[in-house]
Amino acid sequence: QKEVEQDPGPLSVPEGAIVSLNCTYSNSAFQYFMWYRQYSRKGPELLMYTYSSGNKEDGRFTAQVDKSSKYISLFIRDSQPSDSATYLCAMSAFDTGRRALTFGSGTRLQVQP
Amino acid sequence: GAVVSQHPSWVICKSGTSVKIECRSLDFQATTMFWYRQFPKQSLMLMATSNEGSKATYEQGVEKDKFLINHASLTLSTLTVTSAHPEDSSFYICSATSSYNLYSGEQFFGPGTRLTVL
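In order, the protein sequence lines correspond to chains V and H.
Every position in the first sequence, counted from 1, becomes a number in the working numbering once 15 is added.
Every position in the second sequence, counted from 1, becomes a number in the working numbering once 77 is added.
Keep in mind the hints are simulated off the structure, nothing from the lab.
Hints are supplied without guarantee of correctness; some may be wrong.
[Claimed, not checked] With the C-beta cut set under 10 Å, the calculated list includes, among others, these residues of chain H facing chain V: (1) 120; (2) 122; (3) 126; (4) 170; (5) 185.
[Unchecked claim] Covered, in the sense of this in silico footprint (three residues per stretch, anywhere, with C-beta under 8 Å from a C-beta of chain H), are these stretches of chain V: (6) 56-69; (7) 78-89; (8) 118-128.
[To be verified] As a list, the in silico PhoX-like pairs of lysine-lysine whose alpha-carbon atoms are at most 20 Å apart: (9) V:17 <-> V:82; (10) H:143 <-> H:97; (11) H:132 <-> H:118; (12) V:57 <-> H:91; (13) V:17 <-> H:118; (14) H:91 <-> H:143; (15) V:17 <-> V:85; (16) V:57 <-> H:143.
Idealized CB from N, CA, C, for every residue including glycine.
Please construct the entire structure, taking both the sequences and the accompanying hints into account.
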């Protein structure tokens, strides 16, 4: 079983729709949670960063973390064709001393105009 | 802020040659840099972690003699693929973190280098 599970998609939605992207994880030591957006043939771009449980909002993006369920989400409101990309969840633990991120496999999102 | 560059953005080489990829943090000091490879439609696979002035720590299954990593300064790390073969063709991405993000794990990624070995 992978440490981080993410549905690879593709997820196709019409422009303006609310998009929900999710990841589950098994390592209870994870405390820092990130969402990256990656366009084709480009490096990942940090979108959202959350520490521990709770919500964080930035413009059209909302990140939620539920540590009790080991479940994180990214919501995109009023989705645009420019949001079409692969979204990667990533997480890290504080106590292990290992600074590397553990990534999900990524969800490919297509927003149809 | 937190900009990371990579050079070259793409490279084509003949089998058996060596290729060097540079990763630079442009506006911050990168105490730790990471090297990933990514195959089409797959996620990032961590290859190694390097701290400035120290030897890199390689992930299991990554050949340290084939993928040479040097992190000689706080703004530059290099990955050299030695004696490249077609199976080394991939997208190589570096990332960096500063002392400010030391414990959170927040990383800033370069744009990637596409390597094609003929």
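Consistency of the hints with the structure:
1. 120: holds (4 Å)
2. 122: With Cβ-Cβ at 9 Å, under 10 Å, it holds.
3. 126: Nearest chain V Cβ about 6 Å off; hint holds.
4. 170: holds (5 Å)
5. 185: holds (7 Å)
6. 56-69: holds (count 8)
7. 78-89: violated (count 0)
8. 118-128: holds (count 5)
9. V:17 <-> V:82: With Cα atoms ~17 Å apart, residue 17 (chain V) and residue 82 (chain V) stay inside 20 Å; holds.
10. H:143 <-> H:97: holds (12 Å)
11. H:132 <-> H:118: Violated, at about 31 Å.
12. V:57 <-> H:91: With a Cα-Cα distance of about 24 Å, the restraint between residue 57 (chain V) and residue 91 (chain H) is violated, given a limit of 20 Å.
13. V:17 <-> H:118: holds (17 Å)
14. H:91 <-> H:143: holds (16 Å)
15. V:17 <-> V:85: Distance ~13 Å between residue 17 (chain V) and residue 85 (chain V) Cα, so the pair holds.
16. V:57 <-> H:143: At roughly 24 Å apart (the allowed maximum being 20 Å), residue 143 (chain H) and residue 57 (chain V) break the hint.
Checked against the numbered hints above, the structure breaks hints 7, 11, 12, 16 and satisfies the rest.
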